[in-house]
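Protein chains: 2
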Amino acid sequence: MKRTICVVLAFAFTSFCIMAQDKKAFTIDDLMPGGKTYSSMQPKGKSFAWWGDKLVEMTDKKATDLFTNDNINGILESHIKQTYPASEYDTRKRHSTLPGLIKSKASFPYADEPLVLVYNQNIAALVNWEKSEVDAFYTLDDDSDVEDMAFAAKTRLVAISNDHNIKVVAPDDKVIFETTDGTIDNVYGESVHRNEFGIDGGLFWSPSGLQLAFYRMDQSMVSTYPQVRIDGNDDSRCAVLDPDKYPMAGETSHKVYVGVLNTETKAVTYLETGDPTDRYFTNIQWSPDDKYIYMIELNRDQNHAQLVRYNAADGKKDAVLFDETDDKYTEPMMPIQFLPWDSKKFVYASRKDGWLQFYLYDTTGRQIRQLTKGEFEVMDFVGFNPSKKTLIYTSNEADIIGKDTYSVDMNGRRTLLDNGEGWHKVKLAPSGREFVDEYSSISVARQQTLRSTEKTGDKGIKANLYIADEPWKDYDVPEIKLGTIKAADGVTDLYYRLILPTGFDPAKKYPTVVYVYGGPHAHNIDASRNYGARPWDIWMAQQGYVMFCLDNRGSEHRGKAFEQVTFRQLGVEEMKDQLKGVDFLKSLPYVDANRIGVHGWSYGGFMTTSLMTTYPDVFKVGVAGGPVIDWKYYEVMYGERYMDTPQSNPEGYEKTSLLNKAGNLKGRLLVIYGGNDPTCVPQHTLSFMRACINADTYPDLFTYPGDGHNMTGTDRVHLHNKITQYFNDFLR
Amino acid sequence: MKRTICVVLAFAFTSFCIMAQDKKAFTIDDLMPGGKTYSSMQPKGKSFAWWGDKLVEMTDKKATDLFTNDNINGILESHIKQTYPASEYDTRKRHSTLPGLIKSKASFPYADEPLVLVYNQNIAALVNWEKSEVDAFYTLDDDSDVEDMAFAAKTRLVAISNDHNIKVVAPDDKVIFETTDGTIDNVYGESVHRNEFGIDGGLFWSPSGLQLAFYRMDQSMVSTYPQVRIDGNDDSRCAVLDPDKYPMAGETSHKVYVGVLNTETKAVTYLETGDPTDRYFTNIQWSPDDKYIYMIELNRDQNHAQLVRYNAADGKKDAVLFDETDDKYTEPMMPIQFLPWDSKKFVYASRKDGWLQFYLYDTTGRQIRQLTKGEFEVMDFVGFNPSKKTLIYTSNEADIIGKDTYSVDMNGRRTLLDNGEGWHKVKLAPSGREFVDEYSSISVARQQTLRSTEKTGDKGIKANLYIADEPWKDYDVPEIKLGTIKAADGVTDLYYRLILPTGFDPAKKYPTVVYVYGGPHAHNIDASRNYGARPWDIWMAQQGYVMFCLDNRGSEHRGKAFEQVTFRQLGVEEMKDQLKGVDFLKSLPYVDANRIGVHGWSYGGFMTTSLMTTYPDVFKVGVAGGPVIDWKYYEVMYGERYMDTPQSNPEGYEKTSLLNKAGNLKGRLLVIYGGNDPTCVPQHTLSFMRACINADTYPDLFTYPGDGHNMTGTDRVHLHNKITQYFNDFLR
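First to last, the sequence lines map onto chains A and B. Position one of the first sequence corresponds to residue 0 (numbering that gives the first Met the number 0), numbered consecutively onward. Position one of the second sequence corresponds to residue 0 (numbering that gives the first Met the number 0), numbered consecutively onward.
If you're looking for bench data, these hints aren't it; they were derived computationally from the structure. C-beta atoms are modelled at their ideal positions from N, C-alpha and C, and glycine is treated no differently.
Below 30 Å or equal to it, Euclidean Cα-Cα: the simulated BS3-like pairs (lysine-lysine) are: (1) B:721 to A:654; (2) A:665 to B:665; (3) B:387 to B:424; (4) B:721 to A:721; (5) A:721 to B:665; (6) A:244 to B:244; (7) B:665 to A:35.
Simulated restraints on C-beta separations: (8) A:455 to B:662: 54 to 60 Å; (9) B:693 to A:317: 53 to 59 Å; (10) B:152 to A:251: 48 to 54 Å.
Chain B regions said to be covered by chain A (calculated; three or more residues, Cβ under 8 Å): (11) 680-690; (12) 720-726.
Required output: the full structure, derived from the provided sequences and hints.
Written as structure tokens, this is what we have:
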């Protein structure tokens, strides 16, 4: 894949050269999610859902072919009023949450029935919009938010987890099964292993809808992080404890079990995995015939994975299909996927050849062949087209910073299904024969197209659904450039995005801010609209800053070697690459080398603090958000994958700990954390403050009480005003 | 009392006019407690203790007539090694703490025996320095710090409280009594009522040393404030909960009981006070004959006090001697004191005539007469001189901003015992006939004199013990001025201290910082060295700031009406006075009215935040430390005295809450809090941050993790560098 360096965002360039005076300036509310005018400044689009092979357009207000929101809400409200006595109805809080039901949370589980499944945190329902009737109604929870919910289409059973227990509700709103011994120490039906390994829930219906696999997690042996709610609760004006289990690297971790509920006998059987100590049970998948559960099991060191099959009926281990090992780590992220036309074969995703690729296996554990291959990575498993016996997926094969939709047949023949440009999202029809393709690129704000999975490129277009106007066309958009530089290894190309100040004058010297993330599983520069520029980048450019961002080695979609260079020393190689970025910046005549700042959040907060304390003469001002300060305070799963344990890699932990570098701080560094951050717990930031105080250095601090790892809504607007203010105070 | 306005600090003025160039500049370490050179920059002095009528000079290193530290420590160490097996000795950590034993913690309980009582947090001992023997040895605690310790000279018993239990130890190191059911909810032998009402301990030996009165506090019904230790503990790298009971204004408070231990029978009897709900039991005092316990009892509204007598043997209530009421509040701060020559009479301190004065009562509760009277306040009860039948005390009679030592006879004749200038501290001999007088004033750095309590002024001088050199004589000390302005009531004189920038040029305009406390029980301006100027004031003057401080109405030593003007609306009148101070500043040609800042801590943090949000156009920059933000988050005892409860005074709480004023913030405001502040809990500052975020205003924040309400040691130096940096960033 070749790309011209420094592609210029066409309309922005025009706006600068010809008519900058006539263009509008952005407000922070225009640019920032949570801002008052943010939504109207985004490229417009439509919401679609599949009802069998019919494509349904979801709307907020106006009628469609199928139903209106008001309709569905009205039907539901009427049903609730008839079914429940008024007193109960009031206390169940259903009414207040009804308006939020439709649109994003609606789906059409039955191709041949006019039933829509809607749900919020309190109820779920199947509504027949033709008969204006509620076909099935489920009370999820009266008081608190559910953790996870799963609907079994065939049996119309709903399983939920909340307050650490599981409940299974039948269509008549009767509870047919529930656990009662769930506690913070003994958790049923929730995501485990802190959402690593692709895990995002704890409830798994079998294909028949008659059996429910679920996670149970014993975390009684895990440290409790004492989070504090300063707004108290109903019983207390005084701040209250809000404890959270948090296993830190090298410390005792939780134990996970997998249970199987037979909804007919109500019996629960646990898989006979053996001692779950220091093991990860990931990527649960049912066999198509309901008989087996497949699971990828990983050792605590994360360098040895096994695909294991269990008998669902008695929990016995049936087979270990194969092993996968790696000298650094292996990270299973996708469950196996059975071929719809051959239940003895499945697809498995692995990075074993250096790039994440699909492999075809049979149920004896034999690898039939590698399906995809090349210096690219598969990104999403989308589904199958059984009629053509193809697998539909996304990858960055056409453009290493892009994302396109492909099919591959079982002989490994790959077909590009979209235009091969920009960044695509795909919504596949149940039949697998059509999909809604939505994409943006440097020249396309947002475009939605109905495409076939059976033809390549433009030949597959079945309908143009929506083409958005560029919402910023009347605004003075700064020039956004894309390019590559060599990494610190001298070989690897790294992508950067460079944004010039609004009203750029090449004769001037500008303050420059490096935005950094730098960690695994993420990237900042891609082929989407504005090359993925962040709203705050645009805001800062308008304030007169050069904005720079570089995806260093260690970031995503560039293969295993690119990522694993950081192993056992997070931050070290990443910083070397960022310094190459700074060298490049210093080569630009309009960058003021004495006014270079850096900002990042989470891993980027770690990078920012690392850069400020490792290269104190390079960066004058930094703003680090929700940073990791010492990996010994980070969680077992993510932390040990990259760093091993403090016991087995003491020098790595020593070398990367910012507690040891607090005394190096020279520039101005603002550290910001969410007051109740459950991911990078406040102990990180507060320990760094303590280390700086002890070392007689002077960071600045801010916090968003009550917020978690990221700020949302108006807090996000406030946050970015705060960050901007800091650079304006000390860098401008 | 009249005083010339704008007295000039003589040597400072000279230094400026004649030889400023030759003078040295201060470092922050010179000025700040905790700084490396701080001690050497303080006026020197000697440490004295009374051994009967002999005055002992305590030294660190060199030998005195009596003993050397090395001697005592050597004797103790040898004793411990002989008495305790080596294994036990090691774990008891006694050795490491030995060097801290002597000097400040040494006393001489027996006039006729060569015994010194020394103690630290782990052990106490009576050491015979003539025989080089340990006469009595007490294990206080092996692991943790003791909360309170009391020594009974007659029986040589030691009582301690720690881990919420009481232990009584005999001279042979045997435990003769202990409680075992103490918990955070059920606390024995510690200070109660959060140290208000003059309470500073929970153990009270009877005169014979055979009975021990003690507090027990049931706080099971009190809210738990979830303090968090980010340094974990021995068992956990993860942050740990460090819960603290904290009753907030208007909420359920604790219940206090007073127990009496008979050390001979080991029986414990509780005083029959009736239901302790919403009552304060304060100022415990034994009768000289060991038979009775006197206590001042106060209702929760704090407007009705009673002096009550109990029979110590059976706990029965014997008599209510008298009542005292006030339409706002009455605040008993001193236990009654029996006359050594007449056990049927005692002295009681009350503000009932508008000023804190002593009254003579008999044990029937009859007031015999008012002993002191005038527009001044008694400050300390020092003791008695039985041979002359006089009471020795301090007051501000000679100078309303001074403190001098007086005697008063039982007919109310007062005699000044010192020179009537400056600020005096007094250490009275057991006989009451002599005292060590230590003082400083605007012209005297530190002077120590041995004086008689039987002669007035200079006639009483028996020896000049020490006259300190002015340690700053070679330094470029800024000019420090004293003066008065009228309060916002137009009548009351308020004292201010004004410090000109080092190298003052009257033609320039200077940034100016108002330092404020403003709350009850404190003052900032007095007649001591430099008029009580704070080290940071001097530092800031050297940085080029005018420094201003005004003791507004509501502060101490000016009588009841002066203080109570703030009742039910803390901050309101205080701010009006501070604005009068600003008016005065603006009248000075060298003050830049556009660059006025404000700084204060605790109540002063409340004042600073109040001023920044109530008068946003007056103050450009503020630094508020450990602030109260809303009195509803402050404790019951102090808070309700001045504010009543949120239930009974909702408009007062509304009006003074800074959560309601967060949206007014315009200038730059840095709020700093101790991460584990048990007094103004972090909820104050964090709630203010949340309110500002919600109101879209932009305060700054800093914290000292692990610190309490105040920073000490090197943290205090760091803190003041941080505060200075903030003013330098935004006000200079």
